[in-house]
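Protein chains: 2
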Amino acid sequence: MRIVIDGFGGDNAPDEVIRGAVAASREYNVEVIITGDEKVLESRVKALQSETGVGNLSIVNADGVIQVEDNPLEIRKSKKNSSMGVAFDLVKTEKADAIVSAGSTAALMVGGSMVIGRIKGIKRPALSPIMPSINGKYILADGGANLECRPEVLLQFGIMGSIYINKVMGVEKPRVGLLNIGTEEEKGRELEQQAYALFKSTSQMPNAKLNFVGNVEAREVPLGGCDVIVTDGFTGNIYLKTVEGMGGFMKSTLKQLFGKNALTKAGYLFAKSGVADFTKKTDYRETGGSPLLGTAKPVIKAHGSSDAKAFKNAIRQAKEFVESNAIKEIERQLV
Amino acid sequence: MRIVIDGFGGDNAPDEVIRGAVAASREYNVEVIITGDEKVLESRVKALQSETGVGNLSIVNADGVIQVEDNPLEIRKSKKNSSMGVAFDLVKTEKADAIVSAGSTAALMVGGSMVIGRIKGIKRPALSPIMPSINGKYILADGGANLECRPEVLLQFGIMGSIYINKVMGVEKPRVGLLNIGTEEEKGRELEQQAYALFKSTSQMPNAKLNFVGNVEAREVPLGGCDVIVTDGFTGNIYLKTVEGMGGFMKSTLKQLFGKNALTKAGYLFAKSGVADFTKKTDYRETGGSPLLGTAKPVIKAHGSSDAKAFKNAIRQAKEFVESNAIKEIERQLV
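Chains A and B, in that order, are what the protein sequence lines are. Start counting the first sequence at 1; every next residue gets the next number (this note's numbering). Start counting the second sequence at 1; every next residue gets the next number (this note's numbering).
Isolated chain A, as found in the complex:
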């Protein structure tokens, strides 16, 4: 299997991309293609080799980088030959099975929708981060790609999220919930009320398997209230970033807690294996990235601040996405 990674996407490119790619190619037995200025990449791969060892890597030349501030539509035009543009092209022409990038989310959305293309029948792809709950993980769809959505779009997000977390992460009969301000059927805006009715009517879709558990309040989600949480991209992005902000709040609070005085500092020495468990659980680098659900080939968005570990896990995730045949299953269920 071949995974292509955008060599110049993210804050720590290209060195951390290379480190992650080498590690992933060995650990997960995949071939990794890195796109970008080949002179720079070749020299960096060589320079890092004494540390990383030799991986199953190849380099494909590209010209420049699409920036966050660029018009994302340029990924098909003036930035067609950028590190991300070339990576998309490799997937489109079947020279790679999946793409990973920590670059511009908007450009990745456009490339996913318009260069690779959507699965037949899918109205909008959903950026779908995998997030930690107290006892496992859940997927959020949409995490920010489509600010405003129609109920039919939310239903597709629910079906796709359910298939992903089932096929890729092995969750049986995923519980799909609609993010809302209360659990009763009539709660929320017109969008939630209509979506609720639509989710309940999936028995009319002969192939769709959906375990809809109703409206779920935001407070229940981090506590394990469902496996797939569905909402529009504006609300989803607010949710996602509130969780991130509270993660920062937690870290800062733990620091204050243990830093208070000599006694609490001693407490840290005893408790640090527990702290390490906590840190690991809430570390996005352990997950990898967010799948873009609804494109005809696997697309993984890595966090902009990804380091080698995060890139390695994003490549692992891309591999698992390919192997899972989740995209075939989406095609099948949506017919």
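Honestly, the hints are just simulated from the structure, not real lab data. Some hints here could point you the wrong way.
Where chains are identical, the list cannot tell them apart; a pair therefore holds if satisfied intra-copy or between any two copies.
Straight line, CA to CA, 20 Å or less: simulated PhoX-like cross-link-like pairs of lysine-lysine [claimed, not checked]:
1) Lys123 - Lys209
2) Lys281 - Lys251
3) Lys265 - Lys255
4) Lys251 - Lys280
5) Lys260 - Lys281
6) Lys328 - Lys173
7) Lys280 - Lys260
Once you've looked at the hints, dock chain B against the given chain A.
This is chain B only, laid out in the frame that chain A set:
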């Protein structure tokens, strides 16, 4: 000063209401009126007296309770004589200066808007919880009262929140931010884009003092990114409940962290003063309740699960709200 409290609102009424009321009346030197079935209240006040001591309490009889599942409009009709209805009437007829209730939020909204009435010019009152950040507190407007809002309504929320946190909580030049998915001016839905322009144009309101800091991402808010965070009630409620959920996530995680093994358990013994600080910081009972901003008299919504401490603090908050003259200042700035 006289504060009226709904004797039968919330999960722990009336005993915890009585305990909180007695404590508040002594600690804050206010007269507290409790509404509800006078036979029950009299006997409970007497029964608890050996524990609570005698406070500066009076009881006003009421007939029944408005329930969460009741149509909130009934607060003006069939539930006019309920414990909440009578409490509103006492404020309206100036027999009390402010009302506190842990009962139905929707009924409290209706009573605030329609029995007490809105401040002249205010389109919608905002339920505005006070929330902890890593280095202080901030106010959220709206936390769930108005699911969909026009930009002009958000602007009023910003002005009212700014006045409350300045006059009642002493925050100088409160930083008012618009909750959004990015900081750039053009980010968000049409609502956020229009609201941004409107917030920037407050120089056209001769009396309004507003320190608008622009769009603020959800991740920055718990980290102290602004003092007043403005959004529609749907988004605000999702934000609020995500913070609550992550609070639960944190508690559960701390428990796991310290409970892992004998060593980490020993760590807890050393660190527990730090844990106590953390618990206090994130405990809503320390704050009291959420002011309803925009009504002609102070209305405080206490949490449905309030205990004596939470009720005591909600009464303190009502007292401070009255003393602050925040309502006069809202009238002045909105002209």
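Handout entry: Homo-oligomer pair classification [Lys209, Lys123; C-alpha up to 20 Å]
Key = within (19 Å within a copy, 45 Å between copies)
Problem - Homo-oligomer pair classification [Lys251, Lys281; C-alpha up to 20 Å] - result: both (12 Å within a copy, 14 Å between copies)
Problem - Up to 20 Å CA-CA - Lys280 versus Lys251, copy category - result: Answer is both; intra-copy 12 Å and inter-copy 17 Å each pass.
Handout entry: Within, between, both or neither, where Lys265 and Lys255 count as close if Cα-Cα is 20 Å or less
Key = both (10 Å within a copy, 18 Å between copies)
Exercise for the section: Have a look at Lys328 and Lys173 and pick one of within, between, both or neither, based on CA distance no larger than 20 Å. Expected result: within (18 Å within a copy, 56 Å between copies)
Problem - Homomeric proximity label, Lys280 with Lys260: Cα distance no greater than 20 Å - result: between (23 Å within a copy, 14 Å between copies)
Handout entry: Copy assignment of Lys260 with Lys281, given that the CA separation must stay at most 20 Å
Key = between (24 Å within a copy, 14 Å between copies)
Hint compliance for this structure: no hint is broken.
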